[in-house]
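Visitor: Protein chains in written order, with my numbering: chain A, 1 to 331; chain B, 332 to 617.
Since the hints were made in silico from the structure, they are not lab data. Just so you know, not all the hints are guaranteed correct.
[Claimed, not checked] Partial pick of chain A residues on the chain B-facing surface, computed with a CB cut under 10 Å:
| id | residue |
| --- | --- |
| 1 | Ile111 |
| 2 | Leu118 |
| 3 | Val126 |
| 4 | Ile132 |
| 5 | Gly133 |
[Unchecked claim] Coverage of chain A stretches by chain B, computed from C-beta distances (three or more under 8 Å per stretch; other residues unrestricted):
| id | region |
| --- | --- |
| 6 | 156-163 |
| 7 | 204-214 |
| 8 | 249-255 |
Note that CB positions come from ideal geometry on N, CA and C, so glycine has one too.
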Amino acid sequence: MDLFEKQLSQKGRKYLTKLCVYAGVIAILSLLPLMIKSPYLIHIFILTFITIIATVSLRAITISGQFPLAHGAFMGIGGYVAAILSRWFGWSPWFSIPLGAFTAMGIGILIGYPFARLRAMYYDMVSLFFGIGVIQVFFVFQRWTNAYHGLTGIPPLLPVTSKVPYYYLFLGLTVLCLLALCRLEFCRIGVTLRAIEQSHLVASSVGINEAKYRVLVLAVGCFFVGLSGGAYAHYTRTLSYTSFDLLATLWLFMYVLIGGIGSFNGPIIGTALLVIVPELLRGMKQFVPYISAAILLVVVFVMPDGIVGLPQLMKAGFLRWRKRGRNGQAS
Amino acid sequence: MQLTLITVVNALILSSMYILVALGFALLFSIMGILNFAHGAIYMVSGYICYQLAVEWGLNQWISLLLSVIIIGGFGLFLEKYCFRPFFGNLKRTIIVCIAIIIILETTVNVTVGTLVRSLPAFVPGILMAGFVSVSAEKLVTFIIGGSLLAAMVSFIKKTKLGQQMQAVSQNTEGAALQGISAHRISALACALACGLAAVAGCLMGAIFNLSPFMGGHMLLKALELVILGGIGSIGGIFFAGVLIGTLDATLPLFIGGAASEAIGLGVIIIFLLFRPQGFFGREAG
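With the rest of the complex left out, here is chain A (with noise of 0.2 Å):
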């Protein structure tokens, strides 16, 4: 008892240390446009933050054992229905932002069903191949989506110039969606969705409606993936179809893998690396690209469980070290 009392503190001071780091992460963020003076900085911040609202989702459908290749249509359709709704039917942002989420919700609805059958491989491949068609449909509607030369003249969200209100505007908002994300993954559902990842046939023989809770979760995610594109679409205020199709997809998949994909920070911290490093290496122009390929060389071979897995890699190799250390005095 006394033991178990220890280690439910322990756990508890561990959990509020985590929640002290996250707040004082938020709060740096918010401070963060006091000081940085630039536009071009804070323009590269609302990107990350946008790009981790898609990472961050495409991780929860992950956690039951999904890989949809899928992810960057989904995106696309939240935003070419948020941007086509506001630019050619004069809607206002602030409705068809959340419309086009809900689309996406739809539309991984309406696929998650029939999918739910493929499991593996074969779920990877349908999925590649719904989110290439997909871009392919934008092509047909050429007419709205103007996906050959990329559509312009989206209006604004917000009615300013200054990219500080978007600043604080799309934190809060990665905020919101990043509590909701954990939530999900961090309650009943969420460790329904590992026991469907771990072993299909054991969580149907318990009474867990597979299919139920594979759609369920596919759900929130393009949920809130749609939500990203139609951010994305009305701070931007362009479209091209190259920000969706599979490149994109795989370059989510890259984000979510290379941060670490058995952790909640784990897409966070990827997103945060790909997309602000290669930015401050700007002055090589064309040879950034080769920026983003060293990082994913070094951490796919230095580092099995991505960069969250780092620390335990770093204390392993110290106490191997130390070992080695105490050995050779001995001998």
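Could you slot chain B onto chain A? The hints should help.
Guide: For chain B alone, kept in the frame of chain A given last:
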């Protein structure tokens, strides 16, 4: 009449080139368990190497085709040893490596050659006349090369000892290792062969269509479609799916737009796979 003939020739070319690329992709997938997303980029780079050798440095075009295939084959050996072997059977980490390779290859092409669309000169210039209809000799030669390479590959896999070892490894790696087959050697050979086949397709397609740094994505998609639709582990399935998709790609855009035909084709593939995830001739159940 002219239109029909051109469509038939286009269908043949597209089918043979799709199958060439997809065969290498399928070899890699069934032997090493790797989805090589960089296959399209390798296909693209081979076209650019051929362009560099033939147009910029003025070599004979056939020699530059051969050199390009050899260079890319060697690159395949490198890939197998340093990029794929450490992550044997780990899908997530191979995807990261493949993305890194794609970025490096595309950026290298962008930096050295530029993003402008280039075109290889025709390997065999001229037009063949047969009665009322005419066909460009280039396309026929492409089809003949593609077809004979495919026949050679199939007889290599089915008849020779090495090919049978490949099949053994793809069916059961441990079982093959117990029989004294070195899985690493076989996968190195498969990787070199796969890259070489993609290189041939890249050079030939670069002469018929244009070269662009982004042409790899389309070919990668077709290779994936062929392998999944035909069924993993089935060579006959790849041929069947290749002819089917090649014919569709050559005929459908005549009636509806390119994007619409692509979207419809993908829709049909998705619906088919929902009911039969293992494809036409796949041996594993979904």
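Visitor: Now tell me, hint by hint, if it's right for this structure.
Guide: Evaluation of the provided hints:
no.: 1; hint: Ile111; result: 9 Å, holds
no.: 2; hint: Leu118; result: 5 Å, holds
no.: 3; hint: Val126; result: 5 Å, holds
no.: 4; hint: Ile132; result: 6 Å, holds
no.: 5; hint: Gly133; result: 4 Å, holds
no.: 6; hint: 156-163; result: violated (count 0)
no.: 7; hint: 204-214; result: violated (count 0)
no.: 8; hint: 249-255; result: holds (count 4)
In this structure, the hints that do not hold are numbers 6, 7, in rising order.
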